[in-house]
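Between the sequences and the hints, there should be enough to build the whole structure, so can you do that?
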Amino acid sequence: MSQYYGRLLLLVVLVAFPWLIGDPYYQHLIILFLLWVAIGSGWNLISGYTGQILFGAGAFFGLGAYTAALLMHKLEISAWWGLALGPVLSGLLAFPFGWICFRLRGPYFALATLALNEIMRYIATIWESLTEGMVGILLMQTFVSKLPYYYIALAIATGCIVTMELLMRSRLGYYFVSIREDQEAAESMGISSVYYKMVSLTIAAIMMGLAGALYTNYMGFIDPRVVFALFDISIMAVLVVLVGGVATIYGPVVGAFIMVALWELFRSGGFGSLASLSKATGWPFMLTVTKYVSEAHILSFGILVVLVIRYLPNGVMGDPAKLRKVFLFWKRQAT
Amino acid sequence: MEVFLQTLVAGILKGGLYGLIGMGMTLIMGVMGIINLSHGQLMMVSMYITFVLFQYLGLDPYIALFISVPCLFVLGVIIQKYLLNPVMRVEAILPHNQLLMTVGVAMVLTEVIRFIFASNYYSVRTSYSASAWIVGGISFSVALCVAFVIACLLTVWFFWLLLKTDLGRSIRAVAQDGEAAQLLGINTERIRFITFGLGASLVAAAGTLLLPIYYLFPDIGGRFTTKAFIITILGGMGSTVGAIFGGLTLGLAEAFGSTYIGMEFEDLIGLVIFVLVLVFLPRGLKGLTGV
Amino acid sequence: MKRTGYWTAITLTWVLVCAGFAWAAEAPIKVGVILPRTGEQAKFGEIEINSFQMALEEINKAGGVNGRQIDLLIEDDTGKPEVGRSACEKLIAQDKVIALSGGYSSSVTFAICAVAQQRKVPFLVTTGSADKITEQKWDQVFRIAPPVSEYPKGLMSFLQDVVKPKTVAILYENTLFGQSGSKEFAQNCQEAGVKVLIKEGYEAGAVDFKPILVKIKAAQPDFVYMISYVMDASLLMRQSKELDFNPKLFVGGAAGFTLPEFAANAGEASEYVFSADLWGPKVPYPGAQAYYDKYKEKFGMPPDYHGAEAHACMYVVADALKRAKELTPQAVREALVTTDMMTLFGPVKFIAYGKKTQQNELPTYLVQWQKGILETVWPAKVASKPYVYPVPPWSARK
Numbered sequence: 000m001s002q003y004y005g006r007l008l009l010l011v012v013l014v015a016f017p018w019l020i021g022d023p024y025y026q027h028l029i030i031l032f033l034l035w036v037a038i039g040s041g042w043n044l045i046s047g048y049t050g051q052i053l054f055g056a057g058a059f060f061g062l063g064a065y066t067a068a069l070l071m072h073k074l075e076i077s078a079w080w081g082l083a084l085g086p087v088l089s090g091l092l093a094f095p096f097g098w099i100c101f102r103l104r105g106p107y108f109a110l111a112t113l114a115l116n117e118i119m120r121y122i123a124t125i126w127e128s129l130t131e132g133m134v135g136i137l138l139m140q141t142f143v144s145k146l147p148y149y150y151i152a153l154a155i156a157t158g159c160i161v162t163m164e165l166l167m168r169s170r171l172g173y174y175f176v177s178i179r180e181d182q183e184a185a186e187s188m189g190i191s192s193v194y195y196k197m198v199s200l201t202i203a204a205i206m207m208g209l210a211g212a213l214y215t216n217y218m219g220f221i222d223p224r225v226v227f228a229l230f231d232i233s234i235m236a237v238l239v240v241l242v243g244g245v246a247t248i249y250g251p252v253v254g255a256f257i258m259v260a261l262w263e264l265f266r267s268g269g270f271g272s273l274a275s276l277s278k279a280t281g282w283p284f285m286l287t288v289t290k291y292v293s294e295a296h297i298l299s300f301g302i303l304v305v306l307v308i309r310y311l312p313n314g315v316m317g318d319p320a321k322l323r324k325v326f327l328f329w330k331r332q333a334t
Numbered sequence: 000m001e002v003f004l005q006t007l008v009a010g011i012l013k014g015g016l017y018g019l020i021g022m023g024m025t026l027i028m029g030v031m032g033i034i035n036l037s038h039g040q041l042m043m044v045s046m047y048i049t050f051v052l053f054q055y056l057g058l059d060p061y062i063a064l065f066i067s068v069p070c071l072f073v074l075g076v077i078i079q080k081y082l083l084n085p086v087m088r089v090e091a092i093l094p095h096n097q098l099l100m101t102v103g104v105a106m107v108l109t110e111v112i113r114f115i116f117a118s119n120y121y122s123v124r125t126s127y128s129a130s131a132w133i134v135g136g137i138s139f140s141v142a143l144c145v146a147f148v149i150a151c152l153l154t155v156w157f158f159w160l161l162l163k164t165d166l167g168r169s170i171r172a173v174a175q176d177g178e179a180a181q182l183l184g185i186n187t188e189r190i191r192f193i194t195f196g197l198g199a200s201l202v203a204a205a206g207t208l209l210l211p212i213y214y215l216f217p218d219i220g221g222r223f224t225t226k227a228f229i230i231t232i233l234g235g236m237g238s239t240v241g242a243i244f245g246g247l248t249l250g251l252a253e254a255f256g257s258t259y260i261g262m263e264f265e266d267l268i269g270l271v272i273f274v275l276v277l278v279f280l281p282r283g284l285k286g287l288t289g290v
Numbered sequence: 000m001k002r003t004g005y006w007t008a009i010t011l012t013w014v015l016v017c018a019g020f021a022w023a024a025e026a027p028i029k030v031g032v033i034l035p036r037t038g039e040q041a042k043f044g045e046i047e048i049n050s051f052q053m054a055l056e057e058i059n060k061a062g063g064v065n066g067r068q069i070d071l072l073i074e075d076d077t078g079k080p081e082v083g084r085s086a087c088e089k090l091i092a093q094d095k096v097i098a099l100s101g102g103y104s105s106s107v108t109f110a111i112c113a114v115a116q117q118r119k120v121p122f123l124v125t126t127g128s129a130d131k132i133t134e135q136k137w138d139q140v141f142r143i144a145p146p147v148s149e150y151p152k153g154l155m156s157f158l159q160d161v162v163k164p165k166t167v168a169i170l171y172e173n174t175l176f177g178q179s180g181s182k183e184f185a186q187n188c189q190e191a192g193v194k195v196l197i198k199e200g201y202e203a204g205a206v207d208f209k210p211i212l213v214k215i216k217a218a219q220p221d222f223v224y225m226i227s228y229v230m231d232a233s234l235l236m237r238q239s240k241e242l243d244f245n246p247k248l249f250v251g252g253a254a255g256f257t258l259p260e261f262a263a264n265a266g267e268a269s270e271y272v273f274s275a276d277l278w279g280p281k282v283p284y285p286g287a288q289a290y291y292d293k294y295k296e297k298f299g300m301p302p303d304y305h306g307a308e309a310h311a312c313m314y315v316v317a318d319a320l321k322r323a324k325e326l327t328p329q330a331v332r333e334a335l336v337t338t339d340m341m342t343l344f345g346p347v348k349f350i351a352y353g354k355k356t357q358q359n360e361l362p363t364y365l366v367q368w369q370k371g372i373l374e375t376v377w378p379a380k381v382a383s384k385p386y387v388y389p390v391p392p393w394s395a396r397k
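Protein chains in written order, with numbering that gives the first Met the number 0: chain A, 0 to 334; chain B, 0 to 290; chain C, 0 to 397.
Hints in this document: simulated from the structure, not taken from any laboratory.
Straight-line Cα separation of at most 25 angstroms, SDA-like style, residue types lysine to any residue; simulated pairs:
hint : chain 1 : residue 1 : chain 2 : residue 2
1    : C       : K384      : C       : M300
2    : C       : K95       : A       : L261
3    : C       : K42       : B       : F114
From the derived model, a few chain C residues whose C-beta atoms are all more than 10 angstroms from chain A:
hint : residue
4    : Q288
5    : A330
6    : G371
7    : K384
8    : P389
One side of the interface only, derived from the structure: several residues of chain B facing chain A at Cβ under 10 angstroms:
hint : residue
9    : M28
10   : G32
11   : H95
12   : L108
13   : T225
14   : M236
15   : E263
Keep in mind that this is a model prediction, so the values were computed, not measured. C-beta: ideal position from N, C-alpha, C; glycine also.
Below, the structure written as structure tokens:
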């Protein structure tokens, strides 16, 4: 039971958070964090555990987002139903995706998913009569306060993590990993790789579609560039789990936290502290530093990714021993 | 008729440049088995180098070629040696860390350039940037024609390198069977560095040649990376002839698609062809010929 | 472990010190501005930020608002709506600004509007041009500049009076600005009896426009209307020159066509190209030429309408702050409603017309590139130079 203390504590903190910190700015950041936990878990399932590197997370996220948006925009049905229908459609999308891509191995699978993601983005952009193209779809948010969105996001994220826990303890999890480790050997043991890869992708798609549907409801505005985004969604999904730890349940949690925090830390110049400091001291040097720091957020990501892959290939959760060594290395230098 | 011919010319000329872009990537893919998702960004770096040489030293891009190409060769070697090679040897859960590393490299290259040059649009305007020869009512962009010719020359030179020199033979050996090559005394690690460098130089040449008729912006790399792997798959992995073939095919498909279907479909066409080829013709268009 | 504690203490202290500085400093009036500092739209963000700051300096030097200085807090939306949203949340919740301005990209502007509306902080939209922005009956949202559907007003009157074209080809980039702008323009043309021969979108960043240009050339439209960002605009003109394509005129739909980079990159191919524009240094509003000259001197490049919008916004906000009964968002909003002033961008009065609310209604102009300088050419009474029409074909030019 003690092994659950850490996770329960995390859950309690997250539940209590909006009451402790009423600042909607931080609430917004945590909502983003929770969305990434969901997307990251989905990616982790198909790529980390089943070994099929997906560069097309945006396709499922985007489909979930558009489902919710179009329900309201075209059919005048509340976009909240998108939380039910979105994941279903994303899950269904997994079938043609899988049919096209699973016959390909490794990097070719990755590229094919990337291509399909981009194709979906183009279709959404060009098919204006259905999606309004780049004009986008604007919805009025149902709630003024962030709390309902926060708790729904928390429920989704928790659901994804719990699903991952259950899955990876079950036989399905074992099959997924065996496909990743050695597909031929798995096949020869009677594990249908196509079937289980499809199961894995479908569940991953459902998670991402769910996140997408919530995104529409929360943000109130979507367009193809935002939700089918190659870099902002698909590649970010990869980075989140890579940094946090592939093939670990809590990798996406750690990764999502690091990425969201880092992004905002850089973008806002230390959450506004650099700006305050420069204003207070009036040093022009500080102003330049602030400017450079706020523009450096993607550079920091890139460097982080390179360092992680080079020195910590299994991410923070995946290589805790290595991580300790890295910190010890710093300490030793300080001495 | 004029529309058809102009489209044809546009497709072929663009295709030549595409072929050059694809050759670099296919070489890297063939010899090292990795897909380099930072390919477009390498091209972008070479374009910036060319721009700087033009802006501050007044060097014409065609002369800057002699500088940008070796620079990118060195950059390629450095990337391979310090970033990609070590990752190849590490045991990690995900076997495709090299692919992800190239993604990281792409991000870093883009952002470093943005740091230095900001997000401004720059271009290089030479005397021939907007001039064209009009032959029989069809416009031939001077810069693209020259790029096409140089691309052909580079291709020929490259073939000579691969077929007739020791280095080329070593590269082909490592591409065919790395372990066997090592047993035969070839320093496979060094060959890998050189190959990545060569791949980078080829795309650097493409970038320098493209600059007079395009423009510079830190984010243009991604577009060309996508084109590069479409071309590589079209032509068959590892086949340099195939890359030229793939480049021409993509160039023509885009041009005809633009004219007869609609310009918004231009990039979509390439992507759809890509998926179709991956699914139905895994060995690229060459698979059709049964070679 | 002791070392970790040591570092944690240092970090915490640093954070507290910064926060302390922020709290202890004399509190001027805080106004938030959200613009793209980085990303693809950074160029426009830069012009607008520079202009906001220029205006701020002038206002503060003249005594600020009833003696108090204004503090402009500028946040980067990086061109993405969810970041725009984060930025807005931060400005409202953490920095406690009492008014917001900015908003370049329409999609980012939407996201900001939603937050401003929810949190009841007035938002003066600087550029975001989608018509829908002021069609939602959002009482917190005000817009100083015309919506994209009105951009070609000046152009249309020129066409009707001078050119009288029968056909047009429309080419636009596949962005919100391009898709909605082209739709509106096509409608304007149909109402004016001009036949739209070709209307095609393209993905920004294309290398070769020759296929579509040659198709348009073969259709022989009287004029070509293009909605593009600056580099695509340059390439379009250069390649039109290469194709020796000579419609009666080329017209741009503002945006990329009015930036100085357009002429710099297109070179001779930019000559005689027309464009819709929202402003020019010769417009009959006080301070327009002075601002143009001052900006050009300070930053090396002349400003365009985006800068003028930003500059005017700063003055409108300052004016509202002066008139507000108290310095709270709601009072500032009420002051904005009764705005009635003149700026270098034009008169500012927020009215309701058509489907729009709290929208400033302004005329638009037609400009033409002549010898690398953007001259206002229509309506004649505000023209800086007479228009050149008919336009000499490429081959006849030196």
